[in-house]
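Just so you know, the sequences run in chain order A and B.
Note that this note's numbering has the first sequence beginning at 801, numbered continuously upward.
Note that this note's numbering has the second sequence beginning at 279, numbered continuously upward.
Treat the hints with care, as some may be off.
Claimed, not checked - Stretches of chain B that chain A covers, calculated by requiring three or more beta carbons in the stretch to come under 8 Å of a beta carbon on chain A: (1) 372–386; (2) 462–476; (3) 499–511; (4) 536–542.
What the hints assert, rightly or not - Not everything, but these chain A residues come out facing chain B in the computed CB check (under 7 Å): (5) Glu863; (6) Gly868; (7) Pro918; (8) Pro946.
Hints in this document: simulated from the structure, not taken from any laboratory.
Think of the CB as a built atom: it goes at the ideal place given N, C-alpha and C, for glycine as much as any other residue.
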Amino acid sequence: MSRRRPAAWLVAAALAVPLVALAAWVIRGAVDPHAPEPHPTGPAGVWPGLPQHRVDLPADRLEEQVDGGADALRKDGCRRLVAWRFERPPADAEALFFATVDGARAVLDREAGAERTPGPGDEAQVSPQAVYFRRGTVLARVLLDPGAPASPGELLARARDLDHALQERGPS
Amino acid sequence: MTERATDRRLVLKRLGQAGALLGASGALAAWGLRSPGRFRTGAAVRTCRDLRVAEVTGRPPIVAAHGTDPAVMVRAALAGLGGMEHFVSKGDVVLVKPNMAWDRTPEQGANTHPDVVAEVVRQCRAAGARRVLVAENPVHDAERVAERSGIGAAVRAAGGTLVLPGASGFAWTALGGSVLASWDVLAVLLQADRLINVPVVKHHSLSRLTCGFKNHMGLVGGSRGRLHQDIHPALVDLGAAFRPTLTVVDATRVMKRNGPTGGRLEDVEAVNAVAAGTDPVACDAWAARQLGLDPRDVGHVVLADGRGLGSLAAGAGAVTEVVANG
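Same shape as in the complex, but just chain A:
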């Protein structure tokens, strides 16, 4: 009994399918500006007790959040920036991850000044509209929307939430 041989074009087409699919996948990834990029230190995941973060950027993409401020941060060893939006009270929060404690402290000094107040983290500078704090190699800033109605403790509570999440996740 003779087996019927499949047509040559059919064999070629069947064998080419994986290659075509692979090429399509590569091209799609290359042309999609929103395609996720490998995270420098692992998957972003969930930050315990915080809303979904809005951006999570490695050092070479800091411009997407801070534009011309990126170089100064990189010089101090910033290697990652994560940002959140709080609704109650309405506030923006950012955590900047540095290679060293000195890097985080230098930016804290530069942005918030040398004065320190009680607050979250290892050191903090708290005002009614802004909370800056450093937790290890991480510098965090939480900025209340100007004019937003908020009790004095609400902004600080969100800053403490952020501090708690940073401790849970570790300085990654």
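Given the coordinates of chain A, work out where chain B should sit on it, guided by the hints.
Relative to the frame of chain A, chain B by itself:
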């Protein structure tokens, strides 16, 4: 060796060649996409027009109005230059370029004050402009920026049209600069008859000053990181390519530290001034002084003066100061 084995070897060989070809094409495309314009040729390149108008004899190059109402200050500064009708003619398409890059509220001073932008739009409309487009390529999410800055609503109420460019809103354009030969430029700029630059004055950690020259960065696309690598010559290249008809500088409140992002109200101080001028170097020099800087210490201002884009000296001595109370 059978004919069948030979056929299979041939098929595999050809598939391998096809795969290598596809892989090489994909790699080439990815390489090109990581650097805007790498594969573009001179044939597709556009050019910017010089959108300046003739100077009015006897008028100062820059007028600074001091007061508390942003709209009144805009009107007073423009009046000192001969009025918007000197710069905008009936039927013109005017592009207004505020700083609208940041997801911040007006009080935080990161963006141009919405009342300043709205008054510029109204003045253009009153001068007979056919269309007044307000455009920006923002750093943060465009829709959120338009809403939180207050500029989106203010522009609509004043009769302007907000243009928030998508990926297709740019045209590869010859800039002819020393570090920026060609770059992606907002397509609406290439269609406009007039360009009115409406920057806010603020501190900038890299360039020291954000004002008119720095505000041009919102007229281009591409990699901001690459633009910042050699920032002062890059800013001057942009200033040489985009010759604005007029610059209206918002110094109603000034972010004096932690720019360009800011966010903390302690970093913002009320200066209560708006300046208008036809000399972009003089305008940036005036802005530097509002930040407490000597303009001669701001790299791009000095370079722009040297390239003949305006006069640093004019900003020091030829500013006409007016009080603008409603």
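Structure-based check of each hint:
Against chain A, the stretch 372–386 of chain B contributes 5 residues with a C-beta closer than 8 Å to a partner C-beta. That satisfies the three-residue criterion, and the hint holds. Coverage of the stretch 462–476 of chain B by chain A is violated in this model, with 0 residues showing a Cβ closer than 8 Å to a Cβ of that chain against a need of three. Using a Cβ-Cβ cut-off of 8 Å, 5 residues of the stretch 499–511 of chain B lie near chain A, which meets the minimum of three, so the contact claim holds. Taking a C-beta to C-beta cut-off of 8 Å, the stretch 536–542 of chain B contributes 6 residues in contact with chain A, enough for the three needed, and the coverage statement holds.
At about 4 Å, the closest approach between the beta carbon of Glu863 (chain A) and any beta carbon in chain B falls short of 7 Å, and the interface hint on this residue holds. The beta carbon of Gly868 (chain A) is positioned within 7 Å of a beta carbon in chain B (closest approach about 4 Å), and the interface hint is therefore held. Using the Cβ-Cβ criterion of 7 Å, the hint placing Pro918 (chain A) at the interface with chain B is not satisfied: the shortest such distance is roughly 18 Å. Given hint, Pro946 (chain A) at the interface with chain B, holds; its Cβ is 4 Å from that chain's nearest Cβ, closer than 7 Å.
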